[in-house]
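Q: Sequence:
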Amino acid sequence: MKKYDVTALGELLIDFTYTGTSEQGNSVLEANPGGAPCNVLAMLNQCHRSTNFIGKVGKDQFGNLLRDTLEDLKIGTDGLCFDNEVKTTLAFVKTFANGDRDFAFYRNPGADMMLTPEEVQQEQIENSRIFHFGTLSMTHEGVCLATEKAVNAAKSGKTLISFDPNLRIPLWKDLQTAKEKMRYGLSKCDVCKISEEEVEFLTGEKDIEKGAQILREQFPVKLLFVTAGAEGSYAFYKDLKVYQASFKLGGTIETTGAGDTFCGSILHHLLDREIESLTEEDLRQMLVFANAAAYLVTTKKGAIRSMPNLSEVEKLIEENR
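Residues 1 to 321 (the working numbering) make up the sequence shown, in order.
Hint data in this document are derived by calculation from the structure and do not stem from the laboratory. Please note: incorrect hints may appear among the correct ones.
Claimed, not checked - Distance ranges between label pairs, derived from CB positions:
1) Lys94 / Ala228: 20 to 26 Å
2) Glu274 / Gln61: 20 to 26 Å
3) Asp272 / Ala228: 24 to 30 Å
4) Lys241 / Gly204: 17 to 23 Å
5) Asn152 / Gln176: 19 to 25 Å
6) Leu145 / Glu318: 45 to 51 Å
7) Ala230 / Arg273: 39 to 45 Å
8) Ser156 / Arg321: 40 to 46 Å
9) Leu65 / Asn152: 29 to 35 Å
10) Leu240 / Lys59: 45 to 51 Å
11) Ile253 / Leu65: 35 to 41 Å
Said to hold, decoys possible - Straight-line alpha carbon distances no greater than 25 Å define the calculated DSS-like cross-link-like pairs of lysine-lysine that follow:
12) Lys301 / Lys248
13) Lys149 / Lys173
14) Lys222 / Lys179
15) Lys248 / Lys238
16) Lys300 / Lys248
17) Lys241 / Lys206
18) Lys2 / Lys181
19) Lys155 / Lys222
20) Lys2 / Lys158
21) Lys74 / Lys94
22) Lys210 / Lys179
23) Lys238 / Lys222
24) Lys158 / Lys238
25) Lys3 / Lys74
26) Lys179 / Lys206
27) Lys173 / Lys87
28) Lys222 / Lys206
29) Lys2 / Lys222
30) Lys222 / Lys158
31) Lys94 / Lys173
32) Lys158 / Lys3
Remember, predicted model here, so these are calculated numbers, not experimental data. Each residue gets a CB set at the ideal place from its N, CA and C atoms; glycine is no exception.
Use the sequences and the hints to build the structure in full.
A: Okay, structure coming up:
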């Protein structure tokens with residue numbers, strides 16, 4: 001038995017979201033704990049899974065807020081580090097009428113990119129059933145080396161590796177480097193959740209099925225999920241392709257964390273299944289659950305504290321059979 005179901009490495013930050021205007025006409029912002037890896041872990045915790053986070057925040061009020069949030073939500077902090085000099089990373093999120101977002105990052109530098117290889121405890125990863133990471137922990141050399149150490153530890157510990165490219169173009173010095181790091185992740189992972197936009201970015205192919213085929217021919221990914229926003233999601237596995245429509249029930253406020261909720265939901269199901277022997281029905285159940293959970297998180301603001309619980313997801317599925 002391993003100590004953790006899932007360990008994730010990467011960014012932990014504050015998402016400032018606009019909530020209206022003050023009496024003086026100024027924008028009012030809400031400080032929402034965020035960061036894709038911990039969003040994934042937050043969903044897993046709602047599914048009663050044991051989790052652990054590896055990453056760095058600043059030794060400041062926001063870093064303390066993030067630590068307290070993880071502890072409150074029972075997300076493991078064994079790998080959480082503090083930087084005495086660099087401040088916690090901040091992101092300002094503008095939401096459009098259709099729920100899409102635009103990000104402005106205060107991260108040059110930000111504490112999340114200061115994680116070093118020495119601060120990554122190999123035994124935490126080897127003692128996990130799944131290791132999850134993305135590309136934001138590969139934008140700069142030091143944290144990239146820390147990520148590579150973690151990936152190597154997962155390989156040596158026979159830990160299932162999950163990868164989400166989570167492309168954020170403003171954080172990259174050039175797009176060629178972004179592509180290289182995305183390709184690195186695809187070359188190392190067993191499971192990948194990728195968006196249709198990221199498939200096109202990597203392959204130049206707008207057709208999801210053709211783009212997925214290109215990626216599967218180039219990389220040894222065992223299980224590939226492609227999310228297509230409001231249009232649904234796809235699973236590609238061995239000779240199987242499964243499509244599942246999304247839940248279009250109205251009430252969407254913003255899409256922050258939807259992809260992470262989807263990813264966490266998939267990992268929750270994989271913990272109860274053998275990746276080498278999945279069936280078409282397994283894939284369909286995963287997609288239905290993940291789509292439902294992702295829809296529910298879009299009806300709330302923020303991500304880490306807005307994840308739906310198991311009963312909410314199951315109720316939504318039952319009501320919409």
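Q: None of the hints should be skipped; say for each whether it holds.
A: Here is what the structure says about each hint:
1. Lys94 / Ala228: 20 to 26 Å: Since the Cβ atoms of lysine 94 and alanine 228 sit about 23 Å apart, the hinted range of 20 to 26 Å holds.
2. Glu274 / Gln61: 20 to 26 Å: For glutamine 61 against glutamate 274, whose Cβ atoms are near 45 Å apart, the range 20 to 26 Å is violated.
3. Asp272 / Ala228: 24 to 30 Å: Between aspartate 272 and alanine 228, where Cβ atoms are some 26 Å apart, the hint holds.
4. Lys241 / Gly204: 17 to 23 Å: holds, 21 Å
5. Asn152 / Gln176: 19 to 25 Å: With a Cβ separation near 24 Å, asparagine 152 and glutamine 176 satisfy 19 to 25 Å, so the hint holds.
6. Leu145 / Glu318: 45 to 51 Å: holds, 47 Å
7. Ala230 / Arg273: 39 to 45 Å: violated, 27 Å
8. Ser156 / Arg321: 40 to 46 Å: holds, 44 Å
9. Leu65 / Asn152: 29 to 35 Å: holds, 32 Å
10. Leu240 / Lys59: 45 to 51 Å: Cβ of leucine 240 to Cβ of lysine 59: about 48 Å, so the range 45 to 51 Å holds.
11. Ile253 / Leu65: 35 to 41 Å: For leucine 65 against isoleucine 253, whose Cβ atoms are near 22 Å apart, the range 35 to 41 Å is violated.
12. Lys301 / Lys248: At roughly 18 Å apart (the allowed maximum being 25 Å), lysine 248 and lysine 301 satisfy the hint.
13. Lys149 / Lys173: Status holds; Cα separation ~23 Å.
14. Lys222 / Lys179: holds, 20 Å
15. Lys248 / Lys238: Status violated; Cα separation ~29 Å.
16. Lys300 / Lys248: Holds, at roughly 15 Å.
17. Lys241 / Lys206: Between lysine 241 and lysine 206 the Cα gap is close to 17 Å, so the pair holds against 25 Å.
18. Lys2 / Lys181: Not OK: lysine 2 and lysine 181 at ~29 Å, beyond 25 Å, violated.
19. Lys155 / Lys222: It holds: about 15 Å lies between the C-alpha atoms, which stays within 25 Å.
20. Lys2 / Lys158: holds, 11 Å
21. Lys74 / Lys94: violated, 29 Å
22. Lys210 / Lys179: At roughly 18 Å apart (the allowed maximum being 25 Å), lysine 179 and lysine 210 satisfy the hint.
23. Lys238 / Lys222: holds, 7 Å
24. Lys158 / Lys238: holds, 21 Å
25. Lys3 / Lys74: Distance of about 14 Å is within 25 Å: holds.
26. Lys179 / Lys206: holds, 17 Å
27. Lys173 / Lys87: holds, 21 Å
28. Lys222 / Lys206: Holds. Lysine 222 to lysine 206 sits at ~22 Å (cutoff 25 Å).
29. Lys2 / Lys222: holds, 22 Å
30. Lys222 / Lys158: Since the Cα atoms of lysine 222 and lysine 158 sit roughly 15 Å apart, the hinted pair holds (cutoff 25 Å).
31. Lys94 / Lys173: Judged against 25 Å, a Cα distance of about 22 Å means the pair holds.
32. Lys158 / Lys3: At roughly 14 Å apart (the allowed maximum being 25 Å), lysine 3 and lysine 158 satisfy the hint.
Violated hints for the displayed structure, listed by number in ascending order: 2, 7, 11, 15, 18 and 21.
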